[in-house]
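Chains A and B supply the protein sequences, listed in that same order.
Residue 141, in this note's numbering, is where the first sequence stops; the numbers in between run on with no holes.
Residue 1329, in this note's numbering, is where the second sequence stops; the numbers in between run on with no holes.
Treat the hints loosely; a few may be bogus.
Residues from chain B that face chain A, not an exhaustive set, calculated with beta carbons under 7 Å [said to hold, decoys possible]:
#1 Arg1010
#2 Arg1014
#3 Gly1040
#4 Ile1096
The set of hints was computed from the structure by calculation and includes no laboratory data.
For glycine and all other residues, C-beta sits at the position ideal for the given N, C-alpha and C.
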Amino acid sequence: MTEQKIRVLVGKPGLDGHDRGAKVVAAALRDAGMEVVYTGLHQTPEGIVETALQEDVDVIALSILSGAHMTLLPRVLELMQEAEMNDVLLTGGGIISKDDMQALAEMGVGQLFGPGTATGEIVEYIENWVNDRGAKVGTTS
Amino acid sequence: MAGLLERFVRGDRRALARALTWIEDQQPGFEQLLHATHAGLGRAFRVGVTGPPGAGKSTLTEKFVLLCRRRDQKVAVLAVDPSSPFTGGALLGDRIRMQDLTLDDGVFIRSMASRGRLGGLATTSLEAADLLEAFGFDVVVHETVGVGQTERDIVSAADTTVVVLVPESGDAVQTMKAGLMEIADVFVVNKADRPGAENLERALTATLGLKPRADREWNPPIVRTVAVEGEGIEELAAAIDAHRTHCHKSGVLIAKQRARSAERVRDLVARRVDAHVWQESGGEKMLERALDRIRDGDATPYSVADEIVAAIGFDSGLVLPGKEQREGA
């Protein structure tokens, strides 16, 4: 009947207070027709994963500028696996080195975006990922 | 659907979340899901929280839910924010003000985009509330989009409607306008530590006093709160409880539930007829072809409507001659 909307959680885990980037991305995803659940600052990995579960999002997009990405992202991933959220993408952005991006990708984190990324690139990445995944399990009879 | 339903019945929160998506997207089979979970509805209490943008609806909702939790009630929140009419996208930000509820497994919050509905709720808010009730929540809170003066979906969705205002909400004349002021079962003057709270309360009281009331009719109380500080929340809960008791005693609750059922059936029939007319009977195609004729002056929207409903055997004969006349001619 009606189309399936792409739902994305945009949030900032940890302690850094720079949310401008997250807001820019949230607005860009909104303008691309997605439903963006914006959680704001200072989220815990536990809170992020529980929110993602309740909101049944397709994508968790996290902004980390504090340098704590090697702690926070693996923890979020671990909690997602515990909750069997295997049809949800974990992506994000911030100040993250190429080496770290590589290491995180090997763990199962999606593409990460650094400073200067065009928002269109992020939109396209998410749209493609959702298209490749197909419909959510249990939402087609 | 069977697998999802089974997990839902077992109390799997992820199955609940997915079922809500199913309903929001109105995917095929969502009506069967609601049908299967409908038994046993009618126990949960439904509270509506509405008011202008920035009045503090989300913050107040958080504090109210925390209080419900202290009373050992399980609470679900449906928080609606507007969808863009241009892109269909939405920014759902109500959870920012409800962070203390995230990790409590007696609470479930779902942000909904309005998806084109204009009355303050989302297109499928009522269905979602049913599903949450069927899951076992004792209280369902509908938080509307920040509303102006005419959005009143909440009246049929909620047993008790709380209208949240702030001292800046306006002068005495604003409180006399039709719409928002008429739907409140409980008024909240939030941010009551700001200047003007007393004036607003006085204006509200005066306005309410102007309205002639039958005996035993509910008189909406005015509660002052400072939601961020948690002040006045006990009083708000007491006012909601009092209204609930009143609704029970006066039979209003039963009447509301009946009206809600009636509205649901009407909606469903309209939806089925819509699908039948526009898709199954080719109404869309007829419309597409008719648009040129309307432009050229060979038809009017009224005559085309007659043609389209005639295709499903419904002879309205409002503009075009009816079938009998045509055959007689």
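Hints and how they fare:
Nearest Cβ of chain A to the Cβ of Arg1010(B): about 14 Å, over the 7 Å cut. The hint is violated. Satisfaction of the interface hint for Arg1014(B) is found here, the shortest Cβ-Cβ separation to chain A being roughly 6 Å, below the 7 Å cut-off. With a cut of 7 Å, the hint placing Gly1040(B) at the interface with chain A is violated, because the nearest CB-to-CB distance is about 22 Å. With 7 Å as the threshold, the beta carbon of Ile1096(B) comes within range of chain A, its nearest partner Cβ sitting at about 4 Å, so the hint holds.
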